[in-house]
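Visitor: Taken in sequence, the protein lines are chains A and B. Heads up: the first sequence begins at 1 in UniProt numbering, then just goes up one per residue. Heads up: the second sequence begins at 1 in UniProt numbering, then just goes up one per residue.
When chains are identical, the list treats them as one kind, so a pair holds in a single copy or across two.
Simulated pairs of lysine to aspartate or glutamate, EDC-like, Cα-Cα distance not exceeding 20 angstroms:
| id | residue 1 | residue 2 |
| --- | --- | --- |
| 1 | Lys122 | Glu110 |
| 2 | Lys119 | Asp211 |
| 3 | Lys122 | Asp41 |
| 4 | Lys28 | Glu78 |
| 5 | Lys220 | Asp183 |
| 6 | Lys193 | Asp147 |
| 7 | Lys106 | Asp41 |
| 8 | Lys220 | Asp194 |
| 9 | Lys28 | Glu82 |
Treat the hints as calculated values from the structure; they're not laboratory data.
Number of protein chains: 2
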Amino acid sequence: MSNVGMRTLFHLALSPQSRLVRLVLGEKRMEAHLRAEPIWDRREEFLAINPAGEVPVLVEDDGTTIAGATPIAEYLEEVCPEPPLLHGDPAERAEIRRLVAWFDRKFDREVTELLVGEKVLKRFLGIGEPSSEAIRAGHANILIHLDYIGWLAERRAWLAGDRFSLADVAAATHLSCVDYLGDVPWERNAEAKDWYARVKSRPSFRPLLADHVSGLRPAKHYADLDF
Amino acid sequence: MSNVGMRTLFHLALSPQSRLVRLVLGEKRMEAHLRAEPIWDRREEFLAINPAGEVPVLVEDDGTTIAGATPIAEYLEEVCPEPPLLHGDPAERAEIRRLVAWFDRKFDREVTELLVGEKVLKRFLGIGEPSSEAIRAGHANILIHLDYIGWLAERRAWLAGDRFSLADVAAATHLSCVDYLGDVPWERNAEAKDWYARVKSRPSFRPLLADHVSGLRPAKHYADLDF
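Working from the sequences, and respecting the hints, build out all of it.
Guide: See the structure below:
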């Protein structure tokens, strides 16, 4: 590794799981060298680090390696508890983790994979054209998810309760990838839009808004805080 | 709820995620009233408890509700730390969590969904016949996963290190559901088989081996500790 003495994050710009780790690092003001990993190349060196062949992977300067968004987030919370992103008593932490799992699994499967996966990842993987059926399903499913976010945001200051938490990070990073493609119908739910505007304006979010994937221009309003 | 003063776990017998929670409860000697939830009926009362409509869901006697296998496992570890299933320093805990995520996501997608999902869940959901293509893929994928388990078990006492952990629980519960169908080719990897025999003989595993899904007889060797 060329960056001795520095934490390295193997990531991809439009991977919500990678973005989740970048946001956690940003919130905790921890630095890391970002290294884009073209997972479709299945580099042997990278597979030796993470046999799952997926990003994100965090490598500490002592060689400690942590793979997967949730394991990395839990790890960072343990080594750097302030500011907390998994706060409260066990029941409050469980509610945060429930919502993280909701976005990491359900939103991922019902929206992100069908839109970002079809339109972006499939191209890099070279596994054919986007399926218009999948994209249609993704567009339909996102409406339900926006309404659920709006429902939560109407009842709570942040998605899991009174404080900004890993639940907001998970939700916002998935939405931000879909938003890069211009596929979030913000007019659908004013509460969800207002919540996203609040996350988007956090300093930790700024680097995500500066992302540019080669050959794929972000939607016009993507980096606009007043969208 | 009829069982006042008692923890309730909404579950399904062949859901590996539900089994994970049952094993964690068993290891920690915590009691819970098990309630089979036919998620395909989408009962309104259940959707009010968990809008994702999925099992497992744990309801404490004070009404605290926790949804999702990993959130429940993390919660149980916090309220009942002994015996620990997420032990060690942050890096060791990260390795346990990496493997839990491996089975919860990768094994689930590449094996469990293609075998248990196609053969069992599809029938209950009434969404058509099992896809023979999916089942073929599941049979091919499980070989790679057995080899990975064997590779880990050859190098470590348990999958994540020196001690039995949530990683062993996650791996064994997925395998146990596939094994109910008789679809684990144990002859493939002796180390993986030996590791599974050790998990299978734990007292916490016994209730899982007694499971019988109506209309679906378990494979002959399913409950056999000397398979």
